[in-house]
Amino acid sequence: MLQKVLLIDLDNCVRCYACELACRQEHDLTYETKSRWCKVMTIEPRWVNQELHMDFVPVMCVQCDDPICAYFCPVNAISKGEDGIVAIDEEVCTGCRLCVHGCPYGALFFNEMRGVIGKCDLCINRVHSGIEPACVQHCIGGALQFVSHEELNNITLGEHILRMGMVYYASSKWKLRKLG
Amino acid sequence: MVVRVEGDTSSEVTQGTLCAKGLASKEILYHRERLLHPMKRSGTRGEGKWQRITWDEAFDTIVNHLRSIEERYGSESIVLATGTNRGWVRYFTRFANAYGKQWIGPGIAQCFYPRISGQMLVLGTNAMENPDYNATRCMIIWGCNPTTTWPVKGLGIMEAWCRGAQMIVIDPFFSEAASKAHLWLQLRPGTDAALALGMLHVIITERLYDETFVDNWCIGFDELVKRVEEYQPERVETITWVPASLIREAARLYAAIKPSSITQCLSIDQNADTISTSRSIAMLAAITGNIDVPGGNLITMLTEMSPVSDETGRQWLSREHHEKRLGRAQYPLLAGEACVMGPSAHNFTVWRAILTGRPYPVRAVYCHGSNMLRTYANTKMVTDALTKLDFFVVADLFPTETAAIADIVLPAASWMERSAVTRNEQTSISHLHLQQKVVQREECRSDLSILNELARRLGFADRMFPGEEAYFDFLLQPSGLTFEEFKRLGVVSCPHVFRKYESEGFHTPSGKVQLYDERLTSLGYDPLPSYQEPSESPIHTPELAKEYPLIITTGGRVPVFRHAELRNIPVLREIVPELEASISPKTARALGINNGDTVIVESPRGGMEAKARVTEGIDPRVIQVPSHWPGINNVNLLMDNEKCAPMIGGAQLRCQLCRVKKRE
Numbered sequence: 001m002l003q004k005v006l007l008i009d010l011d012n013c014v015r016c017y018a019c020e021l022a023c024r025q026e027h028d029l030t031y032e033t034k035s036r037w038c039k040v041m042t043i044e045p046r047w048v049n050q051e052l053h054m055d056f057v058p059v060m061c062v063q064c065d066d067p068i069c070a071y072f073c074p075v076n077a078i079s080k081g082e083d084g085i086v087a088i089d090e091e092v093c094t095g096c097r098l099c100v101h102g103c104p105y106g107a108l109f110f111n112e113m114r115g116v117i118g119k120c121d122l123c124i125n126r127v128h129s130g131i132e133p134a135c136v137q138h139c140i141g142g143a144l145q146f147v148s149h150e151e152l153n154n155i156t157l158g159e160h161i162l163r164m165g166m167v168y169y170a171s172s173k174w175k176l177r178k179l180g
Numbered sequence: 001m002v003v004r005v006e007g008d009t010s011s012e013v014t015q016g017t018l019c020a021k022g023l024a025s026k027e028i029l030y031h032r033e034r035l036l037h038p039m040k041r042s043g044t045r046g047e048g049k050w051q052r053i054t055w056d057e058a059f060d061t062i063v064n065h066l067r068s069i070e071e072r073y074g075s076e077s078i079v080l081a082t083g084t085n086r087g088w089v090r091y092f093t094r095f096a097n098a099y100g101k102q103w104i105g106p107g108i109a110q111c112f113y114p115r116i117s118g119q120m121l122v123l124g125t126n127a128m129e130n131p132d133y134n135a136t137r138c139m140i141i142w143g144c145n146p147t148t149t150w151p152v153k154g155l156g157i158m159e160a161w162c163r164g165a166q167m168i169v170i171d172p173f174f175s176e177a178a179s180k181a182h183l184w185l186q187l188r189p190g191t192d193a194a195l196a197l198g199m200l201h202v203i204i205t206e207r208l209y210d211e212t213f214v215d216n217w218c219i220g221f222d223e224l225v226k227r228v229e230e231y232q233p234e235r236v237e238t239i240t241w242v243p244a245s246l247i248r249e250a251a252r253l254y255a256a257i258k259p260s261s262i263t264q265c266l267s268i269d270q271n272a273d274t275i276s277t278s279r280s281i282a283m284l285a286a287i288t289g290n291i292d293v294p295g296g297n298l299i300t301m302l303t304e305m306s307p308v309s310d311e312t313g314r315q316w317l318s319r320e321h322h323e324k325r326l327g328r329a330q331y332p333l334l335a336g337e338a339c340v341m342g343p344s345a346h347n348f349t350v351w352r353a354i355l356t357g358r359p360y361p362v363r364a365v366y367c368h369g370s371n372m373l374r375t376y377a378n379t380k381m382v383t384d385a386l387t388k389l390d391f392f393v394v395a396d397l398f399p400t401e402t403a404a405i406a407d408i409v410l411p412a413a414s415w416m417e418r419s420a421v422t423r424n425e426q427t428s429i430s431h432l433h434l435q436q437k438v439v440q441r442e443e444c445r446s447d448l449s450i451l452n453e454l455a456r457r458l459g460f461a462d463r464m465f466p467g468e469e470a471y472f473d474f475l476l477q478p479s480g481l482t483f484e485e486f487k488r489l490g491v492v493s494c495p496h497v498f499r500k501y502e503s504e505g506f507h508t509p510s511g512k513v514q515l516y517d518e519r520l521t522s523l524g525y526d527p528l529p530s531y532q533e534p535s536e537s538p539i540h541t542p543e544l545a546k547e548y549p550l551i552i553t554t555g556g557r558v559p560v561f562r563h564a565e566l567r568n569i570p571v572l573r574e575i576v577p578e579l580e581a582s583i584s585p586k587t588a589r590a591l592g593i594n595n596g597d598t599v600i601v602e603s604p605r606g607g608m609e610a611k612a613r614v615t616e617g618i619d620p621r622v623i624q625v626p627s628h629w630p631g632i633n634n635v636n637l638l639m640d641n642e643k644c645a646p647m648i649g650g651a652q653l654r655c656q657l658c659r660v661k662k663r664e
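These protein sequence lines map, in sequence, to chains H and W.
Mapping the first sequence onto the numbering used here, position 137 (from 1) lands on 137, and the numbers just tick up by one.
Mapping the second sequence onto the numbering used here, position 537 (from 1) lands on 537, and the numbers just tick up by one.
Only chain H is shown next, with the shape it has when bound in the complex (with noise of 0.2 Å):
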């Protein structure tokens, strides 16, 4: 496994969209492409205990445990590495898009331009390089941040609120909160 997993503080996102273009021009994911590996979505506002609320949720691929879209690839083009990513082997994929459907998340793209599938990979190579992925270089709030378990533990006391895969999605209004 990575030394490292995905923790996206949900407090600290401000729907600045530099993960997005970060991601599109690592990847080479071009307008024509039609690939939005990395989407940052919007709660619109709404009351909470007379507070009003507005969020946003970077999604993208959580490289899931056990992934699904690998059931649903009839030629086993897609299998999930000893370092956790779940990976897409080009030369066999035939662009079927039966995982792009079968996907839970949306996190799978048919490239029009190379008609494969694709899909965040924790920029593996930017990794193996010793660099940061580009979404959590280029993130303003500090919502994305690319952490060790140990780091992971100290900031968010262990309790995120939910993982899925190499993502953990947490919230840190709601720890300062708590520490009071």
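Keep in mind the hints are simulated off the structure, nothing from the lab.
Please note that a few of the clues may not be correct.
[What the hints assert, rightly or not] Here chain H is said to cover these stretches of chain W; the calculated rule only asks that three of the stretch's residues, wherever they fall, bring their Cβ under 8 Å from a Cβ of chain H:
1) 5 to 17
2) 215 to 226
3) 492 to 499
4) 615 to 621
Cβ coordinates follow ideal geometry from the N, Cα and C atoms, glycine included.
Assemble the complex: chain H is given as a structure, and chain W must be docked to it using the hints.
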């Protein structure tokens, strides 16, 4: 060939980040619609027929036309126009002053100048632009949304926020910043001055101000005390709609927690009385002792590293030029000699001169980097005026709708295609950054080189610098570097010196903070800040409000575009494909409007269309419409540009009246 544009992880300023717009730079550089060669109009104006010409022919044509118009109609019949600050605007100002021509820009009376002028009057510095997020414990974010519009500021704000600094956001609209706030003051658009005066009232009556600082460094405190008596929170609540309890809470938080900072931006400039607004906000920082202290609002260090003001050549302007500048009588802080920044002509007065020939004819406009048909209020008037010109030149990156009605179009260089010494408080108050040309696209030229060549042919090259490098050397002089040496360093910084006023005083006539200003008395204005209703409002113009019952606040930005730019970049447009008008559920219900419907918004100036975004984030009496969209989505079609803010002449873009209906 540029293959990638990334954040610089070694930078103290960006810490490796870069905004969505910056990350899309390659898309701008190699966009298929880029202007790559000079062109001249071959059909009728606006017909869209163009002929490619050489730079030599372009310059010749420009010089010949400008000379003959000047001979026939006089020097003031030629007006220069610039866009927002892109690193060459000060040089453009120098060109205008050297040439002896008046100039306009949307980034002047409508942006930047009002808030800078106001705080310069009070503080003699632009400290209100420079909150120190490193040590701040309380932040007021006043009418801005920096994570969207000012990412280097957004970065600091979020770091302070993560440390637990209190965040007070003042905005009629539930922005990204407001969604992070501990206190959100949802005020009526355009009433910022009343709110600031109400907060001053609380801080003064509850003696929360810094008595030592006020005694030693402020003049006019007694007069201010008397003035703010009128602004007790209960009265301010009726003006601003902000509950008195919340006004008290915000004022107490800001004054009691030390150090505290204020971040303000564009909405201050597009307000009812922009000078009173920016002055009273600067006074909040001053009387609480938050000027040039760690965690407060800092006085720039750039003056130690680079000459900021003496390059614009204001001294070349003749008496006659000053007297003839359009808007001078009405807006002395914009177009008069008393101005703090500029002087610059008043845009509405220029359009009127083009259309009517009064007080004298304006027949030619020479413009760099400004899509005027989108960026100025009252699009119809601007279009009519520019279409009527005898001669119109536009230098830009793209064939904008403004370039489409020009006679000569010049291909300008984007930031990757030109060098610069970046020394702008809006980036950093203590760093000079290198911008080095990395690529040449076809015949594109830097604005500096276009202006230099034009100055040579017009016969005033001696007032400009002999080349770009000579200009950069001049800018670097106080730092002791040449541009050649600077190129090897990339960045120069200088450690911040706090409380500089203790050794050098404040750069005002009294050497102190001027809460009371006799300069304004001598111009015939109130020496103290006060609240004035917007030129259009349910209170000020009740008859108009019967027909146009909703307040429209415009000028808000979305994260992936800069002003009128970048909507033609597909990867950015995909994120925000359409213009959305934010309207409250209550109002939408009353008008039979559903989320996603196309609505028509109308004012006495005209109508425009937007997609309705029905949201809890806006008061039922207000709609919010972002600006700078093209065609029928351009909110400037609605906006009045005649009833401007006093003294400085900014269009009141944040607070006018409109009505909304569903498009059937």
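Checked hints:
1. For the region 5 to 17 of chain W, the assignment as covered by chain H holds, since 6 residues bring a beta-carbon within under 8 Å of that chain's beta-carbons and 3 suffice.
2. A stretch counts as covered by a chain when three or more of its residues have a beta carbon under 8 Å from one of that chain; for the region 215 to 226 of chain W and chain H the count is 0, and the coverage is violated.
3. Counting residues of the region 492 to 499 of chain W whose C-beta sits closer than 8 Å to any C-beta of chain H gives 0, which falls short of three, so the coverage hint is violated.
4. Counting residues of the region 615 to 621 of chain W whose beta carbon lies closer than 8 Å to any beta carbon of chain H gives 3, which reaches the threshold of three, so the coverage claim holds.
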